[in-house]
Amino acid sequence: MTTLPKTVSTPLLRTDFSDETAWEALLAAIATPNEDGFMAYVDSVEDPAHRDLTLEQVLALVPAECEHPILIVADHVALTSPEMPLLVIDLWDERGRVLRVVVEELSSIENNLSISNMDFDDFTAAADEHGVFRGF
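Quick note on full-length UniProt numbering: the sequence shown kicks off at 1 and runs consecutively.
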């Protein structure tokens, strides 16, 4: 399997291809600034070869020289749940550690981790009992 392409912004990897309408809705939600005017900066990676990959398979795609602290995954859970809880994978501190984030709060994680303003731990500590970050 090849590695993920190099991206300027945080990569958003699509692993569920079952519903094109849900994917388009997710992209629209990500591109919509929150009430404070913030939005996540992502580059989507869409390749049917990535369909239904496991966490281990996704991690194997991440090149060693990846400059991003996280990888965001649009999996089946994200594309079939009303809150669109995206999977966020830690690539720096504890490679492979995960949490979910509702799409409305993606900018908080993506913006703060991309500029090293906060740590992955800050978000996992604020996640609910199901491991979903819904904001501070």
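Keep in mind that the hints were calculated from the coordinates and are not lab data. Errors might be hidden in some of the hints.
Pairs of lysine to aspartate or glutamate, DMTMM-like flavour, derived with a Cα cap of 20 Å [unchecked claim]:
#1 K6 to D43
#2 K6 to D36
#3 K6 to D47
#4 K6 to E67
#5 K6 to D90
#6 K6 to E65
What follows is a list of derived Cβ distance ranges for each label pair [what the hints assert, rightly or not]:
#7 N111 to G131: 28 to 36 Å
#8 E65 to I115: 17 to 25 Å
#9 P5 to V77: 18 to 26 Å
#10 T21 to E65: 18 to 26 Å
#11 D43 to R95: 31 to 39 Å
All residues carry an ideal CB built from backbone N, CA and C; glycine is no exception.
Hints and how they fare:
Of the supplied pair hints, the one linking K6 and D43 holds, its CA atoms being roughly 10 Å apart against a limit of 20 Å. For the hint pairing K6 with D36, the CA-to-CA distance comes to about 30 Å; that exceeds 20 Å, so the pair is violated. About 14 Å separates the Cα atoms of K6 and D47, which keeps this hinted pair within 20 Å; it holds. Distance check on the hinted pair: K6 and E67 sit about 9 Å apart at the alpha-carbon level, within 20 Å; holds.
Annotation: proposed proximity of K6 to D90 holds, straight-line Cα distance about 17 Å (limit 20 Å). Simply put, K6 and E65 have alpha-carbon atoms about 9 Å apart, close enough for the 20 Å limit, and the pair holds. At roughly 21 Å, the beta-carbon separation of N111 and G131 lies outside the given 28 to 36 Å, and the hint is violated. The given range of 17 to 25 Å is respected by E65 and I115, whose C-beta atoms sit roughly 19 Å from each other.
Checking the proposed 18 to 26 Å range against P5 and V77 shows it holds: the Cβ atoms sit about 24 Å from each other. Checking the proposed 18 to 26 Å range against T21 and E65 shows it is violated: the Cβ atoms sit about 35 Å from each other. Look at D43 against R95: about 20 Å separates their beta carbons, and that is not inside 31 to 39 Å.
In terms of the numbered hints stated before, the structure departs from hints 2, 7, 10, 11, listed from lowest to highest.
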